[in-house]
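Mind docking chain B on chain A? Use the hints.
So the chains spell out like this:
Number of protein chains: 2
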Amino acid sequence: MDKHLCNKKFNELEKDIFYNVIFSRRHVRKRFTNKSFEDKTIYNILKAAHHAPSVGYSQPWNFILIKDMDTRLKVKDSFLKERLKSIGLLEDNKERQEKYQSLKLEGILESDLNICVTYDKDRFAPFVIGRMTIEEAGIYSVCCAIQNLWLAARVEDIGVGWVSILDNSDLSSVINLPNSVKPIAYLCLGHVEKFNDMPDLEEDKWLKRMSLSDVIFFEKWDDKDNSDWNGFKKYMQF
Amino acid sequence: MDKHLCNKKFNELEKDIFYNVIFSRRHVRKRFTNKSFEDKTIYNILKAAHHAPSVGYSQPWNFILIKDMDTRLKVKDSFLKERLKSIGLLEDNKERQEKYQSLKLEGILESDLNICVTYDKDRFAPFVIGRMTIEEAGIYSVCCAIQNLWLAARVEDIGVGWVSILDNSDLSSVINLPNSVKPIAYLCLGHVEKFNDMPDLEEDKWLKRMSLSDVIFFEKWDDKDNSDWNGFKKYMQF
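In the order they appear, the protein sequences are chains A and B.
Under this note's numbering, the residue at position 116 of the first sequence is numbered 116, and the numbers go up by one with no gaps.
Under this note's numbering, the residue at position 157 of the second sequence is numbered 157, and the numbers go up by one with no gaps.
In isolation and in its complexed conformation, chain A is listed as follows (with noise of 0.2 Å):
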């Protein structure tokens, strides 16, 4: 990037197009079209990804691109053994089980890339600055790569969704970590027919989206009376 852009002050209309980015970033794990999408998107999407912060500038992550279909199934057996295995785990709640079971949650098959994100434990090791107090730091850089690529690909115009139903020990066998590699997230990349209004588990009354009032604390855990953010209060209607 040219130097002069990296001090940048962003006006108005930029801020917004960036929070329109922000908030129409979806979870997608259906509506996958068949249209593949070129090299110059996977690799700007890679770069985000790669330009994000990492404990003691430590970038320990790996982007494994996977294609194959033979891969493909094999995760997909993960996916639908462990899946079994939580609607077994719903089984003293009929209505939600069922609910469960009506819900689309990956799109292995039909995605036009799936992207295995991985984190190295030894990289830069033994000595990573900001690590040796608070260990998993490593793991957290990964998942700030991983939220960069997701809205990149929202740019783009690509569709992502993060499998999390999946055995990581069977994964790890497929594409063939080493014992030192933990893979931190499975993930579904392609284009969609739609970018949708409101997250998929909200729009099938799974959840609703908390109120940002509802996670916010003054001072200390648990304080939403403190004054002296009481013009904080106002502006955000506590």
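Just so you know, these hints were derived from the structure itself, not from any lab.
Don't take every hint at face value.
If several chains are the same, the list does not tell them apart, and a pair holds so long as it fits within one copy or across any two.
[To be verified] Mimicking BS3-like on lysine-lysine, the simulated pairs with C-alpha atoms at most 27 Å apart in a straight line are: (1) Lys8 - Lys40; (2) Lys224 - Lys47; (3) Lys40 - Lys15; (4) Lys224 - Lys234; (5) Lys121 - Lys208; (6) Lys15 - Lys194; (7) Lys208 - Lys30; (8) Lys47 - Lys9; (9) Lys35 - Lys234; (10) Lys104 - Lys76; (11) Lys224 - Lys121; (12) Lys67 - Lys9; (13) Lys30 - Lys74; (14) Lys208 - Lys233; (15) Lys182 - Lys121; (16) Lys67 - Lys220.
Relative to the frame of chain A, chain B by itself:
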């Protein structure tokens, strides 16, 4: 958001603006100014965070907004204690130790606002879609929210630093976290003199950015040769 914007297609100019945000976001630990920022800005940043994807739509995050100096001083104490431990770990590498000591790694007191982002495993539990096989997926969702927050802050001209040289048990006790809630990030936010051309740890010659091709494999771990990907490889100059 207006419904028609949910399915928006982004043009080339809009893509450039989005990627400008991605590439100019920095991990900021110094150069905070004493200019405070508005309630509206805090709201915008938190709203973006709250629109992150979450496993089973569980939205397991909380944001504790911290301005109180007593709290910050206690957190800074924990940082200083953990920093000393890290210096001790580099006893066998005097050059690296000296370099580490020269780095400015947090802006707890100088930034305008601290935010602790937490993970609540009990939210909408026990049955959370996608978390029955991969329990950590709830934490991954919180990290996605943090990355949304970080990017939104950049658009709002606010720098963010993530302090992970910190004892989480100290932090939990300082801000009264219940046992079931895990602190994931301690963030320092504020206006900055400038967003640097390159990451601080690169400018300080601690580590370099890896090449994108170093972190990509095809179909399986460690496979860079797969001929099905020749088109992409040519494009990416592997």
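For each hint, the structure was consulted:
no. : hint            : result
1   : Lys8 - Lys40    : both (25 Å within a copy, 20 Å between copies)
2   : Lys224 - Lys47  : between (40 Å within a copy, 17 Å between copies)
3   : Lys40 - Lys15   : both (25 Å within a copy, 13 Å between copies)
4   : Lys224 - Lys234 : within (12 Å within a copy, 56 Å between copies)
5   : Lys121 - Lys208 : between (36 Å within a copy, 17 Å between copies)
6   : Lys15 - Lys194  : both (23 Å within a copy, 18 Å between copies)
7   : Lys208 - Lys30  : within (20 Å within a copy, 39 Å between copies)
8   : Lys47 - Lys9    : both (22 Å within a copy, 20 Å between copies)
9   : Lys35 - Lys234  : between (48 Å within a copy, 22 Å between copies)
10  : Lys104 - Lys76  : within (13 Å within a copy, 47 Å between copies)
11  : Lys224 - Lys121 : between (39 Å within a copy, 21 Å between copies)
12  : Lys67 - Lys9    : between (40 Å within a copy, 25 Å between copies)
13  : Lys30 - Lys74   : within (20 Å within a copy, 48 Å between copies)
14  : Lys208 - Lys233 : within (23 Å within a copy, 43 Å between copies)
15  : Lys182 - Lys121 : both (8 Å within a copy, 21 Å between copies)
16  : Lys67 - Lys220  : between (48 Å within a copy, 10 Å between copies)
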